[in-house]
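Trainee: Residue strings, one per chain:
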Amino acid sequence: MSARDEILARLRTALADGPPPVQVPRRYRRVDDRADLVDTLIDRLEDYRAVVHRGLDALPRLLSGVDRLAVPTDVPADWLAGYGGQLHRDAPPLSPAALDGMDAVLTGCAVAVADTGTIILDAGPSQGRRALTLVPDRHICVVRTEQVVGLLPEALTRLDPRAPLTWISGPSATSDIELNRVEGVHGPRRLEVVLISSGA
Amino acid sequence: MSHPVAPATGDGRIRTPLPFPTAARAAVADPQLRANLHRATRTIRAKRARVVDEVPDWEALRDAGSAIKADVQRRLPELLEQFEASATAAGATVHWARDAAEACQIVVALTRAAGADEVVKVKSMATQEIELNEALEAAGIAAYETDLAELIVQFGEDTPSHILVPAIHYNRAQIREIFQRRMSDAPADLTDEPAALAEAARAHLRRRFLSARVAVSGANFAVADTGTLVVVESEGNGRMCLTLPETLISVVGVEKLLPTFTDLEVFLQLLPRSSTGERMNPYTSMWTGVTPGDGPQTVHIVLVDNGRSAVLADPVGRPALSCIRCSACLNACPVYERAGGHAYGSVYPGPIGAILSPQLTGVADNASLPYASTLCGACYDVCPVKINIPEILVHLRQQAPHPPAERATMRLLSWVMRNPRRWAAALRLGRVGAGPLGAYRERRTGARTLRRLPWPASAWTRSRDLPLPAPQTFREWWGKQ
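Sequence lines, in order, name chains A and B. Using this note's numbering, you'd call the opening residue of the first sequence number 6 and step up by one each time. Using this note's numbering, you'd call the opening residue of the second sequence number 874 and step up by one each time.
Be careful, since some hints might not be right.
For each label pair, taking beta carbons as the anchor points, the in silico distance ranges come out as [what the hints assert, rightly or not]:
1. PRO904/B / ASP108/A: 30 to 38 Å
2. PRO130/A / ASP926/B: 36 to 44 Å
3. ALA958/B / VAL29/A: 16 to 24 Å
4. VAL29/A / GLN1345/B: 19 to 27 Å
5. ALA1273/B / THR162/A: 46 to 54 Å
6. GLU954/B / PRO130/A: 47 to 55 Å
7. MET6/A / LEU1285/B: 34 to 42 Å
8. ARG35/A / ASP926/B: 38 to 46 Å
9. VAL27/A / PRO1327/B: 52 to 60 Å
10. ASP108/A / GLU1030/B: 58 to 66 Å
Negatives, chain B to chain A, calculated, CB over 12 Å [claimed, not checked]:
11. VAL1103
12. SER1158
13. ALA1299
14. THR1318
15. GLU1349
Some chain B residues judged to face chain A by a derived CB distance under 7 Å, without partners named [what the hints assert, rightly or not]:
16. ALA933
17. LEU949
18. ASN1044
19. THR1099
20. SER1107
21. GLU1138
22. MET1159
23. VAL1163
24. ASP1167
25. THR1171
26. ASP1178
27. LEU1185
28. VAL1189
29. TYR1313
In case anyone wonders, no lab produced these hints; they're calculated from the structure. Model, not experiment: these values are computed from the prediction. Heads up, the beta-carbon is just placed ideally off N, CA and C, and yes, glycines get one too.
Let the sequences and hints guide you as you build the complete structure.
Mentor: Right, dumping it as C-alpha cells:
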C-alpha cells in the first residue's frame, strides 16, 4: 500500500467514532466602518516603526538620497518624476546580487489593513516579483487610500489566493533576544510608506 | 477493496529521554535559567494580554477557530485529498510520509535530486520533530538554520526550549558568548546589544541566502480549497528561503489544513496576538504551487502523519491537533516558567507538549508528561483555539501505567471519600495524629508544612511541601458558629 493510501486509511479508521458535523460560528467582525481608517493605519504603521509620508510630493524628497533604485517594470511614471539617480527596472529580472546592491526599491501594493498596520503585496500592478521587495535594504511603498480596508477579513476578499502573497507589518524585526523587539534582520530594515489619495 | 489500517504512533524528537521530574531537577536548581525564563514569560504574557484586550470580538474569533479546527479533524481525509489536488494543479508535487524516517528520506532524496549538498531552513516544528537536520547531516547534506533563535541554538549545540522563541533560556550575554565562539565572521568588538547581535546574524547569513539552491520550510497553514501554504515569521529569513532558492521543500503535518482560504481571516488574527503579542507579525508569505518567473520553480510538499492518526483516533485527545503552535500556553504555565522547555524532552514543551507528545508516541512511552502540570487551567484560558488541555491531561493520566502501591492508595482513598462519616473520621484521625507536629512546626517556622516525608512518601515531597491539617476544619468551625 502506498504511503498516501495508508495514511488516508489510518485517518479514516481514526474517525470510526463518527464525529458530528460542525457549524462554524462566524460572529466575529468582518467589516469595519470606522471613518478614520487611514489615521488608524498610520498609527499602527508607526507603532511598528515604519515611516509614513503623505502625498505624492513626498516622493522626490525621499528618492533624492537614493543612488540606485530598483522598480517593477510597470511603476507609474509620475512616481519617478525628477528622479536623477540610477534606475534599475526589473526586466530582465535583476539577480539577487544586483538587488543586494540597490539602495532602495519603490513599489505599490494591493491592500492595506488599518487594524493591524499590514501592507499586502500580490505581485499585481506596480509590485513586481517577491524578491524585489525583499533583498534591498529599504522599501518605499506607495499606498493609495482606496486600498485601505479596516479589518483582515475585508483584505482577504480582495486577494487572489493563487497569487504569491507577501504581507508586511513594519520593517523586518526579531524578538529572539530577551523578547526585545529589534528592527532589521534579514528583510528590509527600513519601510517607508507614502499614502496618496484616490486618483492622485 | 482495502481493509482497515490502524492509526499508528510516531517517532522522532517527541519522547522524553528521562521522566519529567528528573529532567526538570537541573533546570529548577539553575538560578540564571529561572531568572531568564521568569523575565521572558512575564514580558510576553503582558504583551499578549495588551493586544488581546484591544480586540472586541476576541472570544468570537476563538469560537470560530476552535470550530474550524474541529471541522478539519472530522473531514481530514477528504480535505487532504482536496489539498493534494489543488496544490498539484498549481504545479507543486505532493509526497506522503507515514513517519519521521520516511519524511526524512523524502527530503534527502529531493535535495540530492536538486544536486545540492546544503539547504537553508526556515524555523519549523515539523522538521525538528522528525529530526531532519540529523538525517541530512548523516546523508552528507549541511542544514543551515536561518531563524536567529534557531541559529543561536544550532551554534550552541543545544536544543530549542520553546516553540516560538527557541533560545528563550539564554540572555544577551550568553548569546554574545556563543556568537563569538562559533560564528567565524563575528565582529571582534561584538557587544551584547540585541541590535548588534541581530546585525551580526544578518551579515553572517546574507551570502548564504543569496546563493542557496534548496530551502526547507514547514507551514503554519495549508489551505485545502486552493492548495496554498502559509508561513508566518518576523525576521525575513523565511521570505528569503521561500523566495530565492530554485527548489522549495515544505514539510507539513497533516493536521495543518484549513478548509478554505477565507478561514485564514480567523487564524491570522488569532496567531500573532497569541504568540508574540503583536497585532500582526512582520511577514507572512503565501504561495500556491509554482508562479512562473517568481520564487522557487520546483515546489515539493511532504505531508506527514508520524503519530497524528493516533491522536485523531482518541475522541477526547483529538483537539490537541487543533494546536496552531502559538505557545501562549507555555508562557502562561507556572510549571513551564520554572522547569523550562528542555525538561519536557520533546520538541513540543509546555502544556500543549504534555498532551501532544504522549499522544503522538503512545502514552506508555511518555508517561510522566501528563503529570507535568498543576491543572491550574491557565493554558486553557489563553489557548486561541480553546483546547481544553486540563481535561486531556486528566484523560491521559488515566491511561498511563500506575505503580501497584499508588493504585492501592487511591482505592483506599476512594473508599474513605465515598462516605461522609468515614471522611470526617479520617480527617479527625489525621489532625490528631499530625497535631503536635503541626504545632511544633508552626512555632519553629510559622508554617504548618513539612519539607520532606520519609521513604516511600519522599517521592511526593521531593518537589512539594506537605501542608499539615489545620487545627479545625471549616465544617467544624461552621458547626460552632
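Trainee: For every hint, state whether the structure bears it out.
Mentor: A quick look at each hint next to the structure:
1. PRO904/B / ASP108/A: 30 to 38 Å: This hint is violated: roughly 48 Å between Cβ atoms.
2. PRO130/A / ASP926/B: 36 to 44 Å: holds, 38 Å
3. ALA958/B / VAL29/A: 16 to 24 Å: Once the Cβ atoms are compared, 23 Å apart, the range 16 to 24 Å for VAL29/A and ALA958/B holds.
4. VAL29/A / GLN1345/B: 19 to 27 Å: Violated, since VAL29/A and GLN1345/B (Cβ atoms, about 53 Å apart) do not stay within the stated range.
5. ALA1273/B / THR162/A: 46 to 54 Å: holds, 48 Å
6. GLU954/B / PRO130/A: 47 to 55 Å: This hint is violated: roughly 36 Å between Cβ atoms.
7. MET6/A / LEU1285/B: 34 to 42 Å: Cβ of MET6/A to Cβ of LEU1285/B: about 50 Å, so the range 34 to 42 Å is violated.
8. ARG35/A / ASP926/B: 38 to 46 Å: violated, 21 Å
9. VAL27/A / PRO1327/B: 52 to 60 Å: Check passed, 53 Å falls within 52 to 60 Å.
10. ASP108/A / GLU1030/B: 58 to 66 Å: With Cβ atoms ~39 Å apart, the hint is violated.
11. VAL1103: Incorrect as stated: the minimum Cβ-Cβ distance to chain A is 9 Å, not above 12 Å.
12. SER1158: At roughly 6 Å from the nearest Cβ of chain A, SER1158/B sits no farther out than 12 Å, so the non-interface label is violated.
13. ALA1299: About 40 Å separates ALA1299/B from the closest Cβ of chain A, which puts it past 12 Å; holds.
14. THR1318: holds, 37 Å
15. GLU1349: holds, 48 Å
16. ALA933: holds, 4 Å
17. LEU949: With a closest approach of 5 Å, the LEU949/B hint holds.
18. ASN1044: holds, 6 Å
19. THR1099: Holds - the Cβ of THR1099/B comes within 7 Å of chain A, reaching about 4 Å at its closest.
20. SER1107: Constraint on SER1107/B satisfied, holds at 5 Å.
21. GLU1138: holds, 4 Å
22. MET1159: With a minimum Cβ separation of about 4 Å from chain A (threshold 7 Å), the hint on MET1159/B holds.
23. VAL1163: violated, 10 Å
24. ASP1167: Result: holds, 4 Å to nearest chain A Cβ.
25. THR1171: violated, 15 Å
26. ASP1178: holds, 5 Å
27. LEU1185: This hint holds: LEU1185/B lies near chain A, its Cβ roughly 4 Å from the closest one there, short of 7 Å.
28. VAL1189: violated, 10 Å
29. TYR1313: Because about 45 Å separates TYR1313/B from the closest Cβ in chain A, which is outside the 7 Å limit, the hint is violated.
Of the numbered hints given earlier, the model fails hints 1, 4, 6, 7, 8, 10, 11, 12, 23, 25, 28 and 29; all others are met.
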